[in-house]
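**Student:** Line by line, the protein sequences are chains A and B. Following my numbering, the numbering of the first sequence begins with 797 at its first residue and continues without gaps. Following my numbering, the numbering of the second sequence begins with 797 at its first residue and continues without gaps.
Simulated from the structure, these hints should not be mistaken for lab results. Treat the hints loosely; a few may be bogus.
Chain copies aren't distinguished; within one or between two, either way the pair holds.
Claimed, not checked - Under the rule of at most 20 Å between Cα atoms (straight-line distance), these lysine to any residue pairs were calculated in the SDA-like manner:
1) K1047 to Y1085
2) K1047 to Q1057
3) K1084 to R939
4) K1084 to M977
Spelled out from the first residue to the last, the chains are:
Number of protein chains: 2
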Amino acid sequence: MRPSLADNLPVRRLAIVGAGLMGGSLALALRPYLDHLTLIDPHPHARQAAAGLADRVTADLADGVTDAELVILAAPVRAILRLVAELPAARPDGCLLLDLGSTKEIICRSMAAMPSQFQAIGGHPMCGRETAGFAAADPDLYRNQTFVLCRNGRTTPRVEQVSLAILARIGSRPLFLPPDMHDGLVGASSHLPYLASAALMQTAAALRDDQVWRVSASGFRDTSRLSGSDPAMMLDILLTNRTAVLDHLQKYLAELTAVQQLLQTGDEEMLAQWLTTAQRHHQVYKTKYE
Amino acid sequence: MRPSLADNLPVRRLAIVGAGLMGGSLALALRPYLDHLTLIDPHPHARQAAAGLADRVTADLADGVTDAELVILAAPVRAILRLVAELPAARPDGCLLLDLGSTKEIICRSMAAMPSQFQAIGGHPMCGRETAGFAAADPDLYRNQTFVLCRNGRTTPRVEQVSLAILARIGSRPLFLPPDMHDGLVGASSHLPYLASAALMQTAAALRDDQVWRVSASGFRDTSRLSGSDPAMMLDILLTNRTAVLDHLQKYLAELTAVQQLLQTGDEEMLAQWLTTAQRHHQVYKTKYE
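Could you build all of it, start to finish, from the sequences and the hints given here?
**Tutor:** Set out below in structure tokens:
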């Protein structure tokens, strides 16, 4: 059933660059409310997978964005930086622009340097899966999730209003943050947990004993889940948020070294206090998160 | 509906010491197949919560185990050690004995030192939740989960056969392991992940910025979940598996320090290799685990 006109978006022609998990999920969620959807992806298998969903599927940026009102960049961070640099030539008359990149300071800085015919805002939906690709796309991926928006020198009321309408349509909760604050916070809530998870997986695998998987319960499954994330995406994240990640990593190592010493000396009282504090923080977090 | 006789267990009178999440879940799962169930717990609120389920609920060990064919100890590790020491006086004629303690070497050593009228086997179900207490108990908690069994100097074919019948009834998969091997493996698959998770929570909380919870997605939720574990239970685990935990923790710190250096020097190629290796291990683990 075609939704009513009242449900439509303030833009009717959309181009999404990147038909992976994030771009594909967005395409699935927005498809019913659009007149024309173009998906742009350099990978033939991604284009093939997405072919049934879009009006046009292409590998060519200039061809794909030619008459889109809004372009959404759904790619790893450094691919987004290349696309922002290419867009002025690909689309000389400019357009509305939103991205879904995982770090925001470097992207917003490059958006701010675009020609003034572009109206651009940085975006970062706080959702994802460790399985990548269009095959894992889900129109409900964004529902009830926080979607950070970062204003920059090319942000206008128009691109802000259109982005908010998109977020309302996919069910996300907008949260405006300055780009540097975003990067600092997700360094602690997302990038450090990824490194912690990947290091856990490396440590368990280094035992070279398959029995370790057999005695693994849901605790290991959950703490190690992020280690399955796409390395290309994570590489871009770590390299474009290096300062914040290194800062959090140093504090994390300090926490682990502290608990290591408590365990070495067998300081039961202080160890109990450390464990109890962690549990209390977890309770506070659960209250705020849920 | 009362199950048929054919479904019954080789023991009909069971006493469970500890009416928390693990003991309570076991009681719920086994209740229909027993003639008599006693729950023993020192905490009045636990006894109150469990009162409707058992034929008898008591705080007194000797009173509770007096005519049980099988006694199951479902308590933190060091409480189990105290119970194993008290049982010979509480039950002079001996009985079958199984425990659910999270570390096995120290418990199996104390079981082996019991009088010969006790037939005892160490047990560790690879399941749990970060929510403790009888209120969280679930008869399906053990279903499709690995349940490690550790033979020791007091293990007989009879206690092994009874324990396997209990595992079959609750739907667990038995895995026989020597106690020291068990402790080494769960140090990597469970105790280290707990410390990693608790340290993540401490690091995020140390920011003292509630916004960090708002930008937290499922990645943070899953990697930090274990930090909510019961501190009393975890303290006993860490102190009774100190050598293995410290060994794994040192290797974990080495992994994190290695990735810290790659990030500091910006060695993109080696960093990409580290991330890719972690993802490949995760894929292997998923194949073995699922």
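**Student:** All hints are to be evaluated individually against the structure, with a verdict given for each.
**Tutor:** Results for each hint:
1. For a Cα distance limit of 20 Å, the shortest separation of K1047 from Y1085 qualifies neither inside one copy, at 23 Å, nor across copies, at 32 Å.
2. In this assembly of identical chains, K1047 and Q1057 lie within 20 Å of each other by CA distance both inside one copy and across copies; the values are 15 Å within and 15 Å between.
3. Proximity of K1084 to R939 under the C-alpha cut-off of 20 Å is restricted to the intra-copy arrangement: shortest distance 18 Å within a copy versus 32 Å between copies.
4. With identical chains, the CA atoms of K1084 and M977 are at most 20 Å apart within one copy only, with a shortest distance of 19 Å there and 40 Å across copies.
Comparing the model with each numbered hint stated earlier shows that hint 1 is the single one that does not hold.
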